[in-house]
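Asker: We have chain A; now place chain B with the ligands onto it with these hints.
Quick note, the sequences are listed as chains A and B, same order. Each step along the first sequence adds one to the number in this note's numbering, with nothing skipped, and position 87 is 87. Each step along the second sequence adds one to the number in this note's numbering, with nothing skipped, and position 323 is 544.
Calculated directly from the structure, the hints in this document are not laboratory data. Everything numeric in this text was worked out from a predicted model, so none of it was measured. Among these hints, one or two may not hold up.
Stated by the list, open to error - A few chain B residues facing chain A, derived, Cβ under 8 Å:
(1) Tyr474
(2) Tyr491
(3) Ala553
(4) Leu560
Stated by the list, open to error - A few chain B residues that face chain A, going by a derived Cβ cut-off under 7 Å, partial list only:
(5) Ala471
(6) Glu498
(7) Ala565
(8) Arg578
Quick reminder that beta carbons are idealized off the backbone N, C-alpha and C, glycines included.
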Amino acid sequence: MAEAAEVRRRIYVWEFPVRLSHWVNVMAITVLSVTGLYIGTPFLYPVSDQSFTMGWMRFLHLTAGYAFLMMIALRVYWSFAGNKYSNWRVFVPRSKSQVQDLKEVTNYYLFKRSTPPYDEGHTACAAFAYFLLFLIFLFQIVSGFALFNNDSHTAVHFILGGWLANLMNIKTIRFWHHMLMYPIWAFVIVHIYLSLLMDSSGKNGLLGSIFGGYKFMAGRG
Amino acid sequence: MGEGKDLRDSSPTVYQALRQRGVSRRDFMKFCSLMAATLALPASFAPKIAEALEKAKRPSLVWLEFQDCCGNTESFLRASNPTVVDIVLDVLSVDYHETIMAPAGKDAEKSLQDVVKNQKGKYICVVEGAIPTRDGGVYCCVGGRAAIDIAKEVCGNSLATIAMGACAWDGGIPSANPNPTGAVGVKDVISGVPIINLPGCPANVVNLTGTVVHYLTFGSLPLTDNNGAPLFGYGTRIHDACQRRAHYDAGRYVRQWGDEGHRNGWCLYYMGCKGPETYKNCPTAQWNDRTSWPVGAGHNCIGCASPKFWDTMTPFYSRLAAIPGFGVESTADKVGLGLAIATAAGVTAHAIARAGRKHIRHEDEEKTAKTEGK
Ligand code: HEM
Ligand code: HEM
Ligand code: SF4
Numbered sequence: 001m002a003e004a005a006e007v008r009r010r011i012y013v014w015e016f017p018v019r020l021s022h023w024v025n026v027m028a029i030t031v032l033s034v035t036g037l038y039i040g041t042p043f044l045y046p047v048s049d050q051s052f053t054m055g056w057m058r059f060l061h062l063t064a065g066y067a068f069l070m071m072i073a074l075r076v077y078w079s080f081a082g083n084k085y086s087n088w089r090v091f092v093p094r095s096k097s098q099v100q101d102l103k104e105v106t107n108y109y110l111f112k113r114s115t116p117p118y119d120e121g122h123t124a125c126a127a128f129a130y131f132l133l134f135l136i137f138l139f140q141i142v143s144g145f146a147l148f149n150n151d152s153h154t155a156v157h158f159i160l161g162g163w164l165a166n167l168m169n170i171k172t173i174r175f176w177h178h179m180l181m182y183p184i185w186a187f188v189i190v191h192i193y194l195s196l197l198m199d200s201s202g203k204n205g206l207l208g209s210i211f212g213g214y215k216f217m218a219g220r221g
Numbered sequence: 222m223g224e225g226k227d228l229r230d231s232s233p234t235v236y237q238a239l240r241q242r243g244v245s246r247r248d249f250m251k252f253c254s255l256m257a258a259t260l261a262l263p264a265s266f267a268p269k270i271a272e273a274l275e276k277a278k279r280p281s282l283v284w285l286e287f288q289d290c291c292g293n294t295e296s297f298l299r300a301s302n303p304t305v306v307d308i309v310l311d312v313l314s315v316d317y318h319e320t321i322m323a324p325a326g327k328d329a330e331k332s333l334q335d336v337v338k339n340q341k342g343k344y345i346c347v348v349e350g351a352i353p354t355r356d357g358g359v360y361c362c363v364g365g366r367a368a369i370d371i372a373k374e375v376c377g378n379s380l381a382t383i384a385m386g387a388c389a390w391d392g393g394i395p396s397a398n399p400n401p402t403g404a405v406g407v408k409d410v411i412s413g414v415p416i417i418n419l420p421g422c423p424a425n426v427v428n429l430t431g432t433v434v435h436y437l438t439f440g441s442l443p444l445t446d447n448n449g450a451p452l453f454g455y456g457t458r459i460h461d462a463c464q465r466r467a468h469y470d471a472g473r474y475v476r477q478w479g480d481e482g483h484r485n486g487w488c489l490y491y492m493g494c495k496g497p498e499t500y501k502n503c504p505t506a507q508w509n510d511r512t513s514w515p516v517g518a519g520h521n522c523i524g525c526a527s528p529k530f531w532d533t534m535t536p537f538y539s540r541l542a543a544i545p546g547f548g549v550e551s552t553a554d555k556v557g558l559g560l561a562i563a564t565a566a567g568v569t570a571h572a573i574a575r576a577g578r579k580h581i582r583h584e585d586e587e588k589t590a591k592t593e594g595k
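So that you can see chain B by itself, here it is in the shape it has in the complex:
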């Protein structure tokens, strides 16, 4: 569509690129249906998406890695069905990606510079990893330049920047308390360009592709929530779409790893599941080409798509936080019960003391009475 066209005039359209790579029409249509489902559109939108992708030019995309573990890249590349990886890579023209590109060293940096220079305001920038700000940003440098400087230049000249994963979104794990490098998310240092956040550790590649396909189809970025995350991917609560939910309501819980409840696929709430306060499409989009997802595989949700999840969602295996400064053994309940028992003991002591006093006072009064009598 309109915007898609002027992105890169000499390149083939998305559909042409896919056909050149040997992706069949059938697989292409399947992909379009998947995208319609991901974007929470009715199935009737699949042909519209197909139509748009047939005409749209592949947007150039550069992928920056800062303070990260490469997990989003892994997630990006690890779809079990190779066709989907092909499609994803072919919908996007990935011109710079430190982990997967062929050039290295100066040549690599040159291809980044070329994109920034020649396609100013037309390319999409994906950022993976947090950006350290302390001490002039020295804690993460690529090719001798601080991450924060690279981000300002590359994100600042992009058409739109997509912060992929928890770290790029709000600083994630590098920014966890005590945040020694002053790590922050992209939104904290970049302004003036649209930023789409894809929280999660890692973010789901389906949501990245969905964001781009939304742009190619409708010519606009998807609607976002107050975290700047697309509503199609982050608008529903894990707990509300979870396949174990019926067990939750019924009160059937896994109480120990490997117990009968665990083998029966019961709810992981008791084990510390953070699904009740986490918003992401994991239960429906799933992972690895819709094979499974953490809760489906028998592990509780750790709330990785929540703000500052390393600080706010730990302990991962308990619903209730430990009391700061006390040992792990001193749970809130022990301290609370201790308070109640101490109070009861105090009250009992008062009652006993009062009974004793009464007795003494009584004797005193008798004595006084006697002396006065004398």
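For reference, chain A alone in the conformation it holds in the complex:
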């Protein structure tokens, strides 16, 4: 064991589309949260007669929204076209080994074991969190376009989300579109913390992997 730990294997886990969608989404969500909060409660005061504050906020929200949509679409495509680490199968723990991994990771978080289990890709726990997050993302996109359908009555915007207004009234859509921003924030807090934690305890180059794509795995153990 001790010898194996010395030998690091360089594994290409996060291919370019995964990293691209990750970082574009990080930027998009930041922009969407700030501009979204302004759209909900315009907290800035006009500075001059030439201000176009709400106009810009909506423009940025919409632009970031489209970028977000594209990146989610890319990531969904990649969960069929990409490598095994990004495949759709990893996101819901169904197989025995996934359930086992979920238990082990949870045990590690609850201090019941001292080292994290061996995972080349996402841990089962992280993957499942991403799956739940993905559902929120989908709702944000559909509800966002449902709200936008009031500004733009095109077939495209109807397909992207306008249809939701037939199931829920606009007030309910807006409420959830606003409310579900906060679980995303909560996710990000936990996500960054756990990335740092797993990077330092796993010693596998996890943090670097989302930038460069490679992890440096010690021997199985």
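Answerer: For chain B with the ligands alone, kept in the frame of chain A given last:
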């Protein structure tokens, strides 16, 4: 025109009726231009409308009131310029209207029966107010008959029925949650006759007249949207025709009633304006003979022309709904921020606990090592 003629053969035409009432040619032409504008037709249509109204017979009209507040009738009668009221009343031959007709009691009911019997399929029926359906419809009776029975008979035999106002359209305020009387709109209980809905609380009389004039001019009812409301009146969004829109885009908002922004006529979005999701011609048609309209007068739109507006557009003075079951103080933002802060606290607690554990584990390991060493 064609259909107009056989409505009522002995009566004078619309134009004759107006002249008898002393409406000048000039006022008549003005009215025709207003109608062309309301119907979103080019000004060149005004003479065509005039021509049609000169020949058309006045359609008989009966006006039923059910679960209502009489607000549509008020709106109908409250045009500031008396000539327009005259014109409106004279374009239509109002044979039955509980609030404004002269006969009362049995005589009144008889004039309704006469219209239904003698002009079956030829009169226009306007309904104001919702129709209760629970417990056999006992919650609204007129002359001893349930509203739902009257509606079935009178609307069912009409040429077309116009549901005037939010309540007649989709149940409106009487049908608001929890809807104790099972109130519904006309379209929910009547079938087989064309129904034109004029949502709004109240509906604008210009849209009622416009619908009738459209019929008299073109011989057909106006095109409608998926709410059954005429596109000429309900096809544009309040927000897109609003005079305060430039302030919206610029980010200039009224933040408190009577503040500087309010005095300067800034946008009412921050105060909860529902103009961005409401479709009606209020900004252009306006009210009280085009004097003003709610947003023009400094009050936010409450979305009264939207489906189930009492349930879906409240709170009127806030863009964002309150969280159900929480107090008004617990806004979505407070709860959301609470979640984020609790998460950050949880993460911090985990980090601290982990540091502590590491320490303990370290000591444990040292101890084990020592004991083993011994
Ligand atoms: C808005 C903020 C963020 C969101 C929504 C987010 C979301 C995600 C998602 C969905 C994944 C899974 C990737 C995939 O399979 O497509 C992921 C992976 C990852 N993210 Fe983020 N992320 C955010 C910010 C960050 C930041 C700031 C960092 C760096 C500290 C980071 C580090 C990582 C790492 C290291 C992984 C790979 C972890 C693993 O294998 O499970 N993320 N993130
Ligand atoms: C992570 C994703 C997103 C977040 C966190 C987010 C956040 C928000 C927030 C907080 C609001 C204010 C709601 C209010 O209180 O009225 C808002 C409004 C809005 N969002 Fe998003 N949004 C996201 C994605 C999207 C997407 C993908 C679109 C689609 C283009 C979109 C379109 C809109 C529109 C049109 C509004 C204005 C609603 C209105 O006029 O009332 N959003 N967003
Ligand atoms: S007052 Fe209302 S309708 Fe007018 S621009 Fe502002 S939000 Fe839109």
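Asker: Would you mind marking each hint as holding or not holding in the structure?
Answerer: Checked hints:
With 8 Å as the threshold, the beta carbon of Tyr474 of chain B comes within range of chain A, its nearest partner Cβ sitting at about 6 Å, so the hint holds. Given hint, Tyr491 of chain B at the interface with chain A, holds; its Cβ is 6 Å from that chain's nearest Cβ, closer than 8 Å. Given hint, Ala553 of chain B at the interface with chain A, holds; its Cβ is 5 Å from that chain's nearest Cβ, closer than 8 Å. Taking 8 Å as the C-beta contact cut-off toward chain A, the hint placing Leu560 of chain B at the interface holds, the least distance being around 5 Å.
Hint status for Ala471 of chain B relative to chain A: holds, with the closest Cβ pair at about 5 Å, below 7 Å. Because the smallest distance between the Cβ of Glu498 of chain B and any Cβ of chain A comes to about 5 Å, under 7 Å, the interface hint for this residue holds. Because the smallest distance between the Cβ of Ala565 of chain B and any Cβ of chain A comes to about 5 Å, under 7 Å, the interface hint for this residue holds. Residue-level restraint check for Arg578 of chain B holds (minimum Cβ-Cβ distance to chain A is 5 Å; threshold 7 Å).
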